[in-house]
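Engineer: Protein sequences, first through last, are from chains A and B. The opening position of the first sequence corresponds to residue 54 in our numbering, with each subsequent residue numbered one higher. The opening position of the second sequence corresponds to residue -2 in our numbering, with each subsequent residue numbered one higher.
Derived from the structure by calculation, the hints contain no laboratory data. Ideal Cβ placement from N, Cα and C applies to all residues, glycine included. Some hints here could point you the wrong way.
Below are the EDC-like pairs computed for lysine to aspartate or glutamate, each with C-alpha atoms no more than 20 Å apart in a straight line [said to hold, decoys possible]:
#1 A:Lys233 to B:Glu103
#2 A:Lys322 to B:Glu43
#3 A:Lys322 to B:Glu49
Going by beta-carbon spacing under 10 Å, a handful of chain A positions derived as facing chain B [stated by the list, open to error]:
#4 Gly68
#5 Arg70
#6 Ile71
#7 Leu73
#8 Thr208
#9 Pro209
#10 Ala212
#11 Leu214
#12 Ile226
#13 Arg230
#14 Asp240
#15 Arg244
#16 Glu259
#17 Pro326
#18 Tyr350
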Amino acid sequence: MRTLPVPGRWSGGAGARIALITGLLAIVSYLDHLASGRLPISHLYYLPILLGAISFGYVGGLGSAVAAIGLYHLTHFVLPGPAVPLDEADLLRLVLFLAVGVTTAKLSNDRRRMSRLARELEMGNRELSALNSQLTELSQARADFVAVASHELRTPLTAILGSAALLVDRPTIDPERRSKLLRHIHDAAARLQNTVESLLDAALIESGRFSLRREPVAVAQVLEDCRQAFLAIGEERINVVNPPPGLAFSVDRHKLLQVLINLVGNAFKYSPPGTPVDICAAPDCEGVKISVTDCGYGIEPADLSYIFERYYRAADGRIRANRGAGLGLSVSRDIVRAHGGDLSVRSRLGEGSTFTVVIPAPMEPPREVCTPAGQKSDPHL
Amino acid sequence: MSHNSETGALSRRLEQSPYLLLVEDDDALRGYLANCLELAGHQVGECRNGFEGLEAFDSRKPDLVILDLDMPVMSGFRLLALLRGRERVLRGPVPIVVITGQDIEEAMEVTTIGAPEAYLKKPFNSQSLLVAVDELLASRAGAEG
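The task is simple: from the sequences and hints, build the whole structure.
Structural biologist: Listed below in C-alpha cells is the structure:
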C-alpha cells in the first residue's frame, strides 16, 4: 500500500538525499578507517546524521544515527587495523549520535509544522481580506447607486415642485410665464418617468432579471419614432439620414427607442443651438449600426473611458458614483449589450461626438469576408 | 413668497438689476430657476452646460453664478474650479451658489478647491434660492462699498 507523500518531507529529491547521506556515511567511515583513530574523523559522522534528521524527520535521524553507529563500530572494532579498545569516549560518541539524530529530527519537524501552519494562516487571511474588500465594494456600490438615483430624481422634482409652488403663489402671473412654468412641470415629469424606467432597468440588470421583448422592426421606423419624440417637445434640429428601406432587425422596440432618445438628448445638450444632430443607420458586417453624431463640444479623452460607467474608482481608491453621467448612458449600454451588441463613442474636443449602437443580426448565413459578431450578451453588469 | 423678495424685486427694478449666470443642464429645472429669478427681478443668463457657462462668464462678468454640481460631460466640480481660476486671473471674486442632489457634507468634501459661497440641496424651494442669492448680493455690495 502506497503511503501518501508528506509535503516537505518525501519531496522530489528524496532519492538524491538518501544517496547523499549514504555516500557521506561511507566516506566518513572510510576516512575514519584510514585515520585509524589518530584524527578525530568520527566527528564527521554528525554530518550525515543531521542531514538525515532534517530531510526525513525521526526516521531519517534515527536511521542515519544507527547507520553511523554501525559504521563506527565496523571501522573501529571489526575491520583490521590497530586494536583500539572500546572506551567511555566511544560510548559517549555513540550516544551522542543517537541524541543528535533524534533532537535534530524533532526540531526540524517542529519547524516544518510551524511553517505549514503559517502558510495556512496566510491563505486564510488572504481569503478573508478578499471577501472583505468585495463586501466593502458592494455596499459602497449600493450606497452610490442610491446617490446617483436620488440626484436623478431630485432634479426634475425641484422643477416640478418649484414651478407648481410659483403658480399657486401667484394666481395673477402673466400668461406667458404661466405657460412656461406649466411646460417645465410637464417636461420634468416626463423626464422623471424616463428616470424611473431607467432605474427599474438598472435594478433588473444588476439583479440579472432584465429581459427583452424582441420583435422584428424596420430600422427606419425606429429612427422616425425617435425624431417624432423630439419634434413633440419642439426640438427640430434632428436629421435622420435615410436608412436602407428594407433594413430590419429583431429588437425590443421600446427599450431601443429609449436608448436612441437618450443618445440624441445628450447630443442636443452638448452641442450649440442651431447645429444639427444626425442619426444614421446602415448595415455592416456585424449587423445594424446606428450612429448619433453631434457637432458639439466633444468629450475629454480622460472622461471617455468612464463615461459609460455607473461607478468609477477615484484616485484614493474609493468607488464613487458617476454622478455627472447619471444612469442614462450606462443603462443604454446595458440595454444594447443585452441585445448582443455594444455601444461605443468617438469624440474630438471642439468638433463633436459620435455614439454608435451596433445590434448584431441573428442567424446570418456565413460570409467569407466578415466574421459574425462575437459579442456576448451580459446583463449581469 | 415672502415680503423680502417682493421688496427686493421692487428695489431692484429701481436700480440696475443684478445679472445672474445660471448653469444647469436639465432644461426643465433651468427654465423653472430662470423664471423664478426673473420674477424676483434679476436678469438671468442661461447656460445649458459648463462650456456655455465659461463662455458667458468670459463675455460678461456676472454678479453671481448659480451652477449645478451634477452635470455630465463637464461636471459642476470642474466648472467650479475653472471659474475660480478665472476669478483670480481676470475678474475678481464672484459669489457662487451650488445646487446639487448630493448630501451637502459629501459635496463639501470634494469642493474645497473652489468652495462656493452657498450650497442648496435639491429639491429646494424658490424661497431658499432667492434668500441665498439676495444675501450674497447684499454682502458683496457691502464689501464693495
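Engineer: Any hints from earlier that this structure breaks? Give me their numbers in increasing order, please.
Structural biologist: 1, 4, 5, 6, 7 and 16
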